[in-house]
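Visitor: Chain order of the listed sequences is A and B. Letter by letter, the first sequence follows residues 0 to 327 in numbering that gives the first Met the number 0. Letter by letter, the second sequence follows residues 0 to 176 in numbering that gives the first Met the number 0.
No lab work stands behind these hints: they were computed from the structure. The structure displayed is predicted, hence computed values, not measured ones. For every residue, glycine included, the Cβ atom is placed at its ideal position computed from N, Cα and C. Hints may contain errors.
Ranges between beta-carbon positions, derived for each pair [stated by the list, open to error]:
# : chain 1 : residue 1 : chain 2 : residue 2 : range
1 : B       : Q121      : A       : S195      : 25 to 33 angstroms
2 : B       : V74       : A       : R207      : 39 to 47 angstroms
3 : B       : E15       : A       : V272      : 21 to 29 angstroms
4 : A       : A315      : B       : D75       : 21 to 29 angstroms
5 : A       : P286      : B       : F46       : 39 to 47 angstroms
6 : B       : N43       : A       : T108      : 47 to 55 angstroms
7 : B       : V74       : A       : S195      : 32 to 40 angstroms
8 : A       : A100      : B       : H40       : 38 to 46 angstroms
Capping the alpha-carbon separation at 16 angstroms, the derived lysine to aspartate or glutamate pairs in EDC-like fashion look like this [as the list claims (entries may be wrong)]:
#  : chain 1 : residue 1 : chain 2 : residue 2
9  : A       : K136      : A       : D165
10 : A       : K99       : B       : E15
11 : A       : K84       : A       : D101
12 : A       : K303      : A       : E150
13 : B       : K144      : A       : D199
14 : A       : K110      : A       : E140
15 : B       : K144      : A       : E131
16 : A       : K177      : A       : E121
17 : A       : K70       : A       : E140
18 : A       : K303      : B       : D75
19 : A       : K85       : A       : E298
20 : A       : K292      : B       : D75
21 : A       : K291      : B       : D75
22 : B       : K144      : A       : E150
23 : A       : K301      : B       : D75
24 : A       : K99       : B       : D146
25 : A       : K194      : A       : E131
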Amino acid sequence: MLIKRPNDIPPSEITPETIYRQRRRFMQSVVKTTVATTVGITMPTLFSSTTAAGVLPANSQSEAIDFPRLKTSLLSTDEDQTPFKKIKNYANFYEFGTGKADPKAHAHTLKPRPWSIPVVGEVEKPQMFDIEDILTKFTLEERIYRLRCVEGWSMVIPWVGFPLRDLIKRAQPTARAKFIQFITLHDTQQMPGQKSPVLDWPYQEGLRIDEAMHPLTILSVGLYGQLLPNENGAPLRLVVPWKYGFKSIKSIVKIRFVEQQPSTSWEQYASDVYGFYANVNPDVPHPRWSQKKERRIGEFFKRKTLMFNGYGEQVAALYNNMDLRKYY
Amino acid sequence: MIGRLGANPAETIIHETGQWGLRFLLLTLCVTPLRLISGWHDINKRFQLRKLFGLYAFFYSSLHFIAYGLLEHSVDLSAIFSDIVTIPAMTIGFIAFILMIPLAITSNSTLIKRLGKQRWKQLHYLTYPIAIAAVVHFWWLAQTKADISEPLIYATLLTILLLLRYPPLLERLTKKK
Numbered sequence: 000m001l002i003k004r005p006n007d008i009p010p011s012e013i014t015p016e017t018i019y020r021q022r023r024r025f026m027q028s029v030v031k032t033t034v035a036t037t038v039g040i041t042m043p044t045l046f047s048s049t050t051a052a053g054v055l056p057a058n059s060q061s062e063a064i065d066f067p068r069l070k071t072s073l074l075s076t077d078e079d080q081t082p083f084k085k086i087k088n089y090a091n092f093y094e095f096g097t098g099k100a101d102p103k104a105h106a107h108t109l110k111p112r113p114w115s116i117p118v119v120g121e122v123e124k125p126q127m128f129d130i131e132d133i134l135t136k137f138t139l140e141e142r143i144y145r146l147r148c149v150e151g152w153s154m155v156i157p158w159v160g161f162p163l164r165d166l167i168k169r170a171q172p173t174a175r176a177k178f179i180q181f182i183t184l185h186d187t188q189q190m191p192g193q194k195s196p197v198l199d200w201p202y203q204e205g206l207r208i209d210e211a212m213h214p215l216t217i218l219s220v221g222l223y224g225q226l227l228p229n230e231n232g233a234p235l236r237l238v239v240p241w242k243y244g245f246k247s248i249k250s251i252v253k254i255r256f257v258e259q260q261p262s263t264s265w266e267q268y269a270s271d272v273y274g275f276y277a278n279v280n281p282d283v284p285h286p287r288w289s290q291k292k293e294r295r296i297g298e299f300f301k302r303k304t305l306m307f308n309g310y311g312e313q314v315a316a317l318y319n320n321m322d323l324r325k326y327y
Numbered sequence: 000m001i002g003r004l005g006a007n008p009a010e011t012i013i014h015e016t017g018q019w020g021l022r023f024l025l026l027t028l029c030v031t032p033l034r035l036i037s038g039w040h041d042i043n044k045r046f047q048l049r050k051l052f053g054l055y056a057f058f059y060s061s062l063h064f065i066a067y068g069l070l071e072h073s074v075d076l077s078a079i080f081s082d083i084v085t086i087p088a089m090t091i092g093f094i095a096f097i098l099m100i101p102l103a104i105t106s107n108s109t110l111i112k113r114l115g116k117q118r119w120k121q122l123h124y125l126t127y128p129i130a131i132a133a134v135v136h137f138w139w140l141a142q143t144k145a146d147i148s149e150p151l152i153y154a155t156l157l158t159i160l161l162l163l164r165y166p167p168l169l170e171r172l173t174k175k176k
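Next up, chain A with everything else stripped away, as it sits in the complex (with noise of 0.2 angstroms):
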């Protein structure tokens, strides 16, 4: 007996044969991706070697970890810290040329061993500092701070570093010693950047001994529980987070302690534009924009920018007396 071929599903209506195989094929990847997302969400740690003080997860299986055992800080901040990545991508670094995203790009050239950096001036001892002894004669402590561009951005960084202070009261400053300037690398085979004269090379920057000597105030080493990227001021920075971010210099290479106000490079740009203090103040607008809001890096809209970066509390009594308007 002849078996009837169904005669409800037409020939056209057959599932092609590619298709069939790409549905199989879609199906197994949903699959993987969901395991994989559970398995990453729920148990990030499986496949590191270790669990650092401030070392992302995702950083640990291709980066070392250089400051396993960090001293923690009251004066660090719980808000969300700023990713890694953004934080090495998005930086003014006019060394390495002016595009935020040029300092990643090339500061691979800039070597920062061996690296040394004279302590001089109106001091009682004046010395070299090895990084390396940097490193060990420090306690070096995690530090997570609001930094605030002038420009309107911010983040929030998980420093590695250490007070200014301990620096300084190595160095013994003299009753003359009313500033302490800071001076960046000047090497144009290191810093490409600094062939183009847009600043005047090289990056020079200053505090008052008094804002120096403050707690807030550190010399970082590191960022994330790793050495200082290239592309954010390796080996050495300062951190003044209460100041607009280009008074936080980078790869330091001498420490002078001086009797005048020392210049600074942005202040020698546009004296009417940057000042000396440069403290985050909502109050007082940059001449081409409010400084009243600033952009989280990672949020969209802006917020809220609050006097001293949020640390008038530690900070404000350092200017009680100043028209925070005259010295902006």
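On the provided structure of chain A, position chain B as indicated by the hints.
Guide: Here is chain B on its own, set in the frame of chain A:
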């Protein structure tokens, strides 16, 4: 990172929409010299490139202004107003944008006819101050970041395009039939 928008996507959006507005403005100013020098009159008669580029310039400038209002100020009108009246770089940018509006409106053929050829032409000469204002806006903003290399390029191109408008020079370059 949101792909190619980078770590600060809001800033990228504001910057790029502004740049494209400026580029289309300059492209608009390229059309007539190109037409006269090449003798290829279809550029306007058939393809209406000047209208196309002009409208794109307006489109991107509008996006630029909206992005600025939304992403910088969350549409706080008093903050936007304050910026525009107190900051020269913003004042001139706003002027450039405002002046584009009547040009965009009169790109429509019914309105062209109503205005009459003479008046329409006179109105659209505003393209020159608009382009200059836009470049100055960009220049003043970039200046405070110590890097005027981008606006310098636009300023150079604009200068060339405006010089090409100089009648004796244009006469010389025009392709004779």
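Visitor: Against the 16 angstroms threshold, does the CA-CA distance of A:K177 and A:E121 hold or violate the hint?
Guide: holds (9 angstroms)
Visitor: For the pair B:V74 and A:S195, does the Cβ-Cβ distance stay inside 32 to 40 angstroms?
Guide: This hint holds: roughly 38 angstroms between Cβ atoms.
Visitor: Mind checking the alpha carbons of A:K99 and B:D146 for me, to see if they're no more than 16 angstroms apart?
Guide: It holds: about 12 angstroms lies between the C-alpha atoms, which stays within 16 angstroms.
Visitor: Does A:D199 lie within 16 angstroms of B:K144 when you go C-alpha to C-alpha?
Guide: Measuring from Cα to Cα gives roughly 14 angstroms; hence the hint holds.
Visitor: Straight-line Cα separation of B:K144 and A:E131 no greater than 16 angstroms?
Guide: violated (35 angstroms)
Visitor: Starting from A:K301, check that the Cα of B:D75 is at most 16 angstroms away, please.
Guide: holds (12 angstroms)
Visitor: Compare the distance between the alpha carbons of A:K136 and A:D165 with 16 angstroms, and conclude whether the hinted pair is satisfied.
Guide: holds (10 angstroms)
Visitor: Need the status of pair A:K84, A:D101: alpha-carbon distance at most 16 angstroms?
Guide: holds (14 angstroms)
Visitor: Looking only at beta-carbon atoms, does the pair B:E15, A:V272 fall within the given range of 21 to 29 angstroms?
Guide: At roughly 25 angstroms between Cβ atoms, A:V272 and B:E15 fall inside 21 to 29 angstroms, so the hint holds.
Visitor: So if I understand the rule, the pair passes when the alpha-carbon distance is 16 angstroms or less; does A:K85 with A:E298 pass?
Guide: Roughly 12 angstroms separates the two Cα atoms, so the pair holds.
Visitor: Given the proposed pairing of A:K292 with B:D75, does the C-alpha separation stay at or below 16 angstroms?
Guide: holds (12 angstroms)
Visitor: Quickly compare the C-alpha distance for A:K303 and B:D75 to 16 angstroms and report which way the hint goes.
Guide: holds (13 angstroms)
In this structure, the hints that do not hold are numbers 1, 14, 15 and 25, in rising order.
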